[in-house]
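Participant: Protein chains in written order, with numbering that gives the first Met the number 0: chain X, 0 to 327; chain R, 0 to 107.
In short, the hints are calculated from the structure, not lab data.
Just so you know, not all the hints are guaranteed correct.
Stretch-level coverage of chain R by chain X, calculated; a stretch enters the list once three of its residues show a Cβ under 8 Å from a Cβ in chain X [unchecked claim]:
1. 70-76
2. 79-86
3. 92-102
Derived contacts from chain X toward chain R, CB cut-off under 8 Å, selection only [claimed, not checked]:
4. E311
5. V313
6. A314
7. F319
8. T322
9. G323
10. F324
11. L325
Note that the coordinates shown come from a computational prediction; the quantities given were computed from them, not determined experimentally.
Just so you know, even glycine gets a beta-carbon here, dropped at the ideal spot from N, CA and C.
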Amino acid sequence: MALFSVPTDLHPSAQIGTEPEGVLLDGAGVDNVGTNPIQANPPSQSQIAITNASDLVDAVDDDAEDKFWTLEETLGENSVSTVVCYSGGPVADPGVDTDHFIDILIRVNGTADTTQLIIGMYSQSDEVNAVYFALDPFVIPAAFELIKIPLTIEQVQDFRSKNGYVAGTIFFLQIAGSVEEPNPFLASYDVAYISLEVPTSSPSDGIQASGGAGENPDFEDEIEGGMEFTNGDEEGDILLLENQFVETSGGVQDESQEQDTTTFINSVTGGIELEGDPNIVMSVDPSGIYTLIPGQRFDRLYTRNVAPDDTEDVAIPTPFVKTGFLGE
Amino acid sequence: MAKGPMKSQGETINHFNGVLLRVSGDGELQINVYALDDANADPSVAPVETPIPYTMTEGPSRQPTILLNARQQRVSLEFKVTEINEYFEIGRILLFRKRLFAGYVGRG
Numbered sequence: 000m001a002l003f004s005v006p007t008d009l010h011p012s013a014q015i016g017t018e019p020e021g022v023l024l025d026g027a028g029v030d031n032v033g034t035n036p037i038q039a040n041p042p043s044q045s046q047i048a049i050t051n052a053s054d055l056v057d058a059v060d061d062d063a064e065d066k067f068w069t070l071e072e073t074l075g076e077n078s079v080s081t082v083v084c085y086s087g088g089p090v091a092d093p094g095v096d097t098d099h100f101i102d103i104l105i106r107v108n109g110t111a112d113t114t115q116l117i118i119g120m121y122s123q124s125d126e127v128n129a130v131y132f133a134l135d136p137f138v139i140p141a142a143f144e145l146i147k148i149p150l151t152i153e154q155v156q157d158f159r160s161k162n163g164y165v166a167g168t169i170f171f172l173q174i175a176g177s178v179e180e181p182n183p184f185l186a187s188y189d190v191a192y193i194s195l196e197v198p199t200s201s202p203s204d205g206i207q208a209s210g211g212a213g214e215n216p217d218f219e220d221e222i223e224g225g226m227e228f229t230n231g232d233e234e235g236d237i238l239l240l241e242n243q244f245v246e247t248s249g250g251v252q253d254e255s256q257e258q259d260t261t262t263f264i265n266s267v268t269g270g271i272e273l274e275g276d277p278n279i280v281m282s283v284d285p286s287g288i289y290t291l292i293p294g295q296r297f298d299r300l301y302t303r304n305v306a307p308d309d310t311e312d313v314a315i316p317t318p319f320v321k322t323g324f325l326g327e
Numbered sequence: 000m001a002k003g004p005m006k007s008q009g010e011t012i013n014h015f016n017g018v019l020l021r022v023s024g025d026g027e028l029q030i031n032v033y034a035l036d037d038a039n040a041d042p043s044v045a046p047v048e049t050p051i052p053y054t055m056t057e058g059p060s061r062q063p064t065i066l067l068n069a070r071q072q073r074v075s076l077e078f079k080v081t082e083i084n085e086y087f088e089i090g091r092i093l094l095f096r097k098r099l100f101a102g103y104v105g106r107g
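Okay, chain X solo, but in the shape it has when bound (with noise of 0.2 Å):
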């Protein structure tokens, strides 16, 4: 099953954001080798060799300034600010709208202070936002960690509305504060790889449970059509049939009732062939029968699709004589 439709890298002409103030164009606002940063674009996921790595991390965690974005704050007049802006290219809308995430694979460096980081995203066609996070830069760990923003239904829906899917994905990330706060800014964020995360419209696999299929560990059934249930070495996954399972001889078996065959079964048709003769039991149940029985002194009622032993013995209703008009 794929985890990424699409996009799984972003689009290469990344740019620089316009605004608000003071944002550079090298080293001191959006710096990556200390020259031209729009040569420094953000690596993509397929840009990160993980030859050696198991994963994305472990790939970008090695402090090579090439393979992220180094965001640094930008101080202006009142202000600390840096804007950077990326796109990722169109995506097929999935059709749902629920699954959906930010995924941002990101590191702090220094002293996070109480300056924002600011994660927005938008469609290229629309460019307004639609989606607007502020992220608690405490939250932001010194190692690449992968962190997913999910996203609300409404803000898929009002993606959707605004042709994201179809004109591609502008992400930007802004450092935000005030040079007045009491500690001043000294963080920098450094961005490996970011980008949006949609489900599968369609999973490809089927639906597979497995596991440990009570104590029998000899059940073991296939059945077509996209399910599969499998007895697995491993316990607890999925539980089927608690208690219960297909006996050869026939008929469904209740093992608390200690290999009673003769219980709970009633008939079996269309669909299910056992092998062996079922046993044909009559209801235990004689329930709306009312049996005469010499010198009983109540009326015994019977309880349906319970233990068939559990009845009510009740009163008869006020038996009475009564005599004609006794007079002269």
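Position chain R against the provided structure of chain X, taking the given hints into account.
Facilitator: Okay, now just chain R, sitting in the frame of chain X:
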């Protein structure tokens, strides 16, 4: 002897003062006394449907007399039990009465 056409029956007003029972059973026997039309037999004593209780035993070896106080032309006796496993067997009913009046005057 055939009764004459002018000889009425059942108009005598009696005082029903007791009933002797040969009864065996278990539980509490409820005795109700009704006047004609199931009216209250003695409105001054007890309302209708207020039974006279009698605790039964199995094989009592005696015939109790339950006191009544009904002044009516005719009465009907009702015996019943209401709780589970209660029962009664009645072998004899002897109703005591004293004749008071010949009947109601005029249209009564």
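Participant: It remains to establish, for every hint, whether it holds in the given structure.
Facilitator: Hints, one by one, checked against the model:
Here's how the region 70-76 of chain R fares: 6 of its residues keep a CB closer than 8 Å to some CB of chain X, so the rule of at least three is met and the hint holds. Only residues whose beta carbon comes within less than 8 Å of a beta carbon in chain X count, and the region 79-86 of chain R has 8; three or more means the coverage holds. Interface restraint, the region 92-102 of chain R with chain X: holds (4 residues with C-beta to C-beta distance below 8 Å; minimum three). Annotation: interface hint on X/E311 violated; nearest CB of chain R at approximately 11 Å, more than 8 Å.
Given hint, X/V313 at the interface with chain R, holds; its Cβ is 7 Å from that chain's nearest Cβ, closer than 8 Å. Taking 8 Å as the C-beta contact cut-off toward chain R, the hint placing X/A314 at the interface holds, the least distance being around 4 Å. The beta carbon of X/F319 comes within 3 Å of a beta carbon in chain R, closer than 8 Å, and the hint placing it at the interface holds. Evaluation of the X/T322 hint against chain R yields a held restraint, the C-beta minimum of about 5 Å falling below 8 Å.
The interface hint given for X/G323 is met, as the beta carbon of that residue sits about 6 Å from the closest beta carbon of chain R, less than 8 Å. With a cut of 8 Å, the hint placing X/F324 at the interface with chain R holds, because the nearest CB-to-CB distance is about 4 Å. With a least beta-carbon distance of about 5 Å to chain R, the hint placing X/L325 at the interface is held under the 8 Å criterion.
Violated hint: 4 only; the structure is consistent with all others.
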